[in-house]
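Asks: Each chain, written out:
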Amino acid sequence: MIELRNVSKMYPNGTKGLDQINLSFAKGEFVAIVGLSGAGKSTLLRSINRLHDISEGDILIGGSSITQAKGKQLRMIRRNIGMIFQSFNLVKRTSVLRNVLAGRVGYHSTLRTILGRFPEKDMNLAFGALDRVNIIEKAYSRADELSGGQQQRVAIARVLAQEAKIILADEPVASLDPLTTKQVMDDLKKINQELGITTIINLHYVDLARQYATRIVGLRAGRVVFDGPVSEATDEVFAEIYGRPIEKNELLGEQAV
Amino acid sequence: MSANAELKRPKAPGKLKHYLTAAIVLLLLWGSAIHTEATFGELIEGFPNMFDLLEEMFPPKWSYFDNIVGAMLETIRMALVGTTIGAIMAIPVALLCASNFAASWWIRHPVRFILNLIRTVPDLLLAAIFVAIFGLGPLPGILALSVFALGLIAKLTYEALETIDRGPLEAMTSVGANGIQRIIFAVIPQIQAHFMSFTLYTFEINVRAAAVLGLVGAGGIGHYYEVTLGFLEYDKTSVIIIFTLAVVLLIDYTSTKLREKLL
Amino acid sequence: MIKSWNHIIQKPKKNRYRWFIYLALAAVYIWAFAGVPFTGFKETAGQITKAIVTGIFTPDWDFVYLPEGEDLLRGLLETLAISVLGTFISTLLCIPFAFWAAVNMSRTKAVSGSGKMVLSFIRAIPEIILALMFIKAVGPGSFAGVLALGLHSVGMLGKLFADEVENMDNGPVEALVSAGANRLQILWFAVIPQVLPGFLSYTLYRFEINMRSAAILGVIGAGGIGTPLIFALSTRNWDRVGIILLGIVILITVVDMISGAIRKRLV
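Chains as they are written, first to last, in the UniProt record's numbering: chain A, 1 to 257; chain B, 1 to 263; chain C, 1 to 267.
Some clues are possibly wrong.
As the list claims (entries may be wrong) - Within a straight-line C-alpha distance of at most 30 angstroms, the following computed DSSO-like cross-link-like pairs (lysine-lysine) qualify: (1) A:K190 to A:K138; (2) B:K155 to A:K182; (3) A:K92 to C:K264.
Said to hold, decoys possible - Footprint (simulated), chain A over chain C, 3 or more residues, beta carbon under 8 angstroms: (4) 172-179; (5) 186-192.
Because the hints were derived from the structure by calculation, they are not lab data. Note that this is a predicted model, so its numbers are computed, not measured. Ideal Cβ positions, reconstructed from N, Cα and C, are used throughout, including at glycine.
Given only the sequences and the hints, what does the whole structure look like? Please build it.
Replies: The structure is reproduced here in structure tokens:
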């Protein structure tokens, strides 16, 4: 489904963001990427839908290269990859529904989307997505009237409405409290299991990764230092990824687990 | 799931408010267009005249520069003197307006009301009235600019005064300072940079204003627009415009840099 | 014995150029004030001032409405119309300039820098000079005033709009990119909703300024209330000057209040 071949990323100032990464993700996997901040987790995720360009190597999505894609072709690939962000990235002053419909723009002509003439099917998709994350009653509220957890669920609904085959989640729970963290992670897991959407998620908390993921990839200084099922990701493995034993702030704590 | 979602779907809020707003704005624009007799036809018809005008303006008659240097210096001088007088007058006025200095509501609000009134009268109108009173020359211009500067600087300063930190004031009171001492040691250090910045900002505006005051006979370079346009000497007009542009941009640039340093 | 602290803590040296700056400033001020030709007031000054003040308190009420036209109400209405249309035109014109001048909308700083330069250029030409030139093109009247305001306001509005675009949150843009949106769709769904309230607020603010400008355009024949005012001044009809001034002050105060109230609700 997703294949990274010898991917390297060099920043203009000479630091290496990613170093010779070879990874492949199969359909329906729930992968957690862990590592210290600055290890390249975010860069890796953003390379997959080309929010960042890579300097070397190739990334294939469903067999076609996103690295080579241009214009419409690139947009068509991106349309199949939904992304969820740490800061939700909603347009705060517009309604929840419009934020969700924004996920549909890749399917229609520019004129049609700008006039707001979304077909009935899209409206059903959007409301269905909002229903799935349990905030359908907020459809006409302004996004900034919602709590952080609710906003992140709107972002998830946007990805659902997008009918993405892959979800990239970049620290989706880093700005949420433990309780809403659990709700959001449960939503993501449910979607992964019920709809079979491949999910790749950057996580800071080790215990969350263990609890939800089926596979863990450990990054350190831009290199893959661990790749395997959760059962193999022991405390020693994490200690190696982090370069030191796991500290308390890397655990979310008991209440959410 | 879909049928379920259908049931729970909230009703879309009405769009009447948006339509009404749009209707009012359109009505306002339509009425204005009729009232000013603004038509695209006229604009398109007028465009060739515009280009003729621009053609006549170029090349600029650079030799005219010597005739207007004096007037330009007078313009800058008017702006400088007007802003300075206005700034000095603004200090006591601002103190009278600030709620944390003026004790009585009966002083504060009337003074603010007068300040608001001053700021509604455009500077060129003030100048025209002062010309009627004092006769032609830079003096009415300077007065108009002073009044304008007073209105603007006093407002900005009293708003800044109201946000100063009360701590130093209390400290000065506790060491037994009197009113003037309190202002010198606790207020001025806090407000000085802001005040300078407001004054520079007003100076920028006043330079622009001073450049056109001559149109009503209040001194400065503005007078030369009428002279050159009246004699259809557009190549001279363009020299005035370019010169004014250069001076205004230079002063703006310097003043902005200075203000950045101040704050 | 009093111990000197001087050798323990040195007083920081003040900038060496300080005195030079003070001297230069003093010289500029001496030059400026010495050049003011203070020749004393005209002996009629007091008399005229008195006449104007009396004029303001005994306004020429008949001028408010004259059936045959050229009265105060029509003049004020025309001023308002010039300001409305001028603001509208400049808002339309300045949007492309704003995106040109915004640093986060272009690849290189040279592009946005040149946009900013063009805007400050436009801003530096006074509206009344533009009006003089438009009168040459479309003839005297309020349409010339509309065009002058429309063009001049682009300078300031364009800069304020560009600032607004620069301050926007880039997150929604990223979200739209990752959903496969094209440039126009990104603009429409992620940029416009964020900057629109700011744009509207600045437009209203500029409208308030344009009201003041529109009130003076008549001085050179570009329509509005300025024409009867300058006429009344030159014919020394102080009662009429009084009512016109009153009218301008009231109109601008009312417009400021309405516009201010709307702006408060926008942000």
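Asks: Decide, hint by hint, whether the structure agrees.
Replies: Hint check results:
Between A:K190 and A:K138, the direct Cα distance comes to roughly 21 angstroms. Compliance with the 30 angstroms bound is thereby established for this hinted pair. The hinted pair formed by B:K155 and A:K182 fails the criterion: a straight-line CA distance of about 53 angstroms is larger than 30 angstroms. Distance check on the hinted pair: A:K92 and C:K264 sit about 18 angstroms apart at the alpha-carbon level, within 30 angstroms; holds. As drawn, the stretch 172-179 of chain C meets chain A at 7 residues by the rule of a beta-carbon pair under 8 angstroms; at three or more, the given contact holds.
Given as covered by chain A, the stretch 186-192 of chain C passes the check, having 3 residues with a CB less than 8 angstroms from a CB of that chain where 3 are the minimum.
Against the hints set out earlier in the document, a violation occurs for number 2 only.
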